[in-house]
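A.B. asks: Since the structure of chain A is already known, use the hints to place chain B on it.
So the protein lines, in turn, are chains A and B. Quick note on my numbering: the first sequence kicks off at 1 and runs consecutively. Quick note on my numbering: the second sequence kicks off at 1 and runs consecutively.
Just so you know, these hints were derived from the structure itself, not from any lab. One or more of the hints may lead you astray.
[Stated by the list, open to error] Looking from chain A toward chain B, a few residues come up when the C-beta cut is under 7 Å (computed):
hint	residue
1	His68
2	Pro70
3	Phe109
4	Ala191
5	Gly199
By construction, the Cβ of each residue, glycine as well, lies at the ideal position given by its N, Cα and C atoms.
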Amino acid sequence: MKTLLSTVFLLALAALTIQGVTAPATEGGYDIGDKAENFTLKGVDGNMHSLSDYAESNGVVIIFTCNHCPYAVMYEDRIIDLHNKYADRGFPVLAINPNDPEVVPGDSFENMIKRADEKSFPFPYVMDEGQKIYPKFGATKTPHVFLLDKEMVVRYIGAIDNSPRDASSVTETYLEDAIAAVAADKAPSPAKTKAIGCGVKCSK
Amino acid sequence: MKHYLLIISLGLCLSCNTAQSTAISAVQVQEVNLTTTDDLTELERRTDSSTDTTYVINFWATWCKPCVDEMPYFLAFAKKSRTAPVKLILVSLDFPDQADSRLIPYLMDEGITEEVWHMTNMDYNAWIDEVDPSWEGSIPATLVKKQGKRHFGERSFESIAQLDRFVKQLN
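Only chain A is shown next, with the shape it has when bound in the complex (with noise of 0.2 Å):
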């Protein structure tokens, strides 16, 4: 008995160490199927936005995005059309700005008030000031989607379509299709996809 406890703790112990030196870029985050915390952030409107500002939605639609990284800017219309879109079905867009504009004066507040306002955006546009809460989701990059259900629970992570630079080139709609699957109680297939984008801290 007491050999295999020796065994299983050296075990543990050797797991343990080559867990690896560099942390990978992104450890943690939500997962498919994990409840969303609660959160506030101040919107380009002045006003706060809250997670909980949801409860009565099918779902929200949360974006990742920024003002200057070229992925997210192409998006940009797509993203306007989707709000406009599933707004009304009960799945708005809240966009999140997770970048520091301590390191990138592109993604200050001001600079988002402007983008907010040359672009329209229907959608509340708010920063993660602190940088808090884009960790608790695990953004990557910009555009980066999380799609929750109407009690906040996550089931739709990654990229919005399969063809960022040209609209018209998209073949695959994951994340209208993702609305859809939970729209009508089905799991989205797939649940994850990736794409290419400028990491969060893409400013450093």
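C.D. replies: What follows is chain B alone, placed relative to chain A:
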């Protein structure tokens, strides 16, 4: 496959401070080594070598600030290792239609003669996992390969020393 051979400057210098009237001409030839592809299979195959070469494959783009910021470390690291078998391969994720307007000018301006692949396949979800399943897709990201081993990092580097340590982790 496209290769660009560019003569970037032809300098002519006449020595003025002596009686000699020797004309010294300097011809600088910069070769930009660029291959355009929509599939990384060939690159993977070529770097699946049994020799003791360490391949450092950096995923970047001209529009990505931290990618551009760390480029000098990668270039210096590769040059430093001229004697040790290290090969730097830069995989650009610049937009397909910006090769001429952004990618090539950048490579020329920086004097980059290392091997560059322009990966134009924007159906990212189809190939990101093949580079590494842990890759969320953010750049910069670096893959190190040597004799069948792989070590991947979704991160940026702030010094040659950091990159050196990262590459050593493969062993």
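A.B. asks: Hints first: check each against the structure and report whether it holds.
C.D. replies: Against the structure, the hints:
The criterion of a C-beta within 7 Å of any C-beta in chain B is not met by His68/A, whose closest approach is roughly 9 Å, and the hint is violated. Interface restraint check: Pro70/A against chain B, minimum CB-CB distance 5 Å, threshold 7 Å, status holds. At its closest, the beta carbon of Phe109/A sits 20 Å from a beta carbon of chain B; the interface hint therefore is violated under the 7 Å criterion. Residue-level restraint check for Ala191/A is violated (minimum Cβ-Cβ distance to chain B is 12 Å; threshold 7 Å).
At a threshold of 7 Å, the smallest CB-CB gap from Gly199/A to chain B is about 4 Å, leaving the interface hint in force.
Taken one by one, the earlier hints fail for this structure at numbers 1, 3, 4, listed in ascending order.
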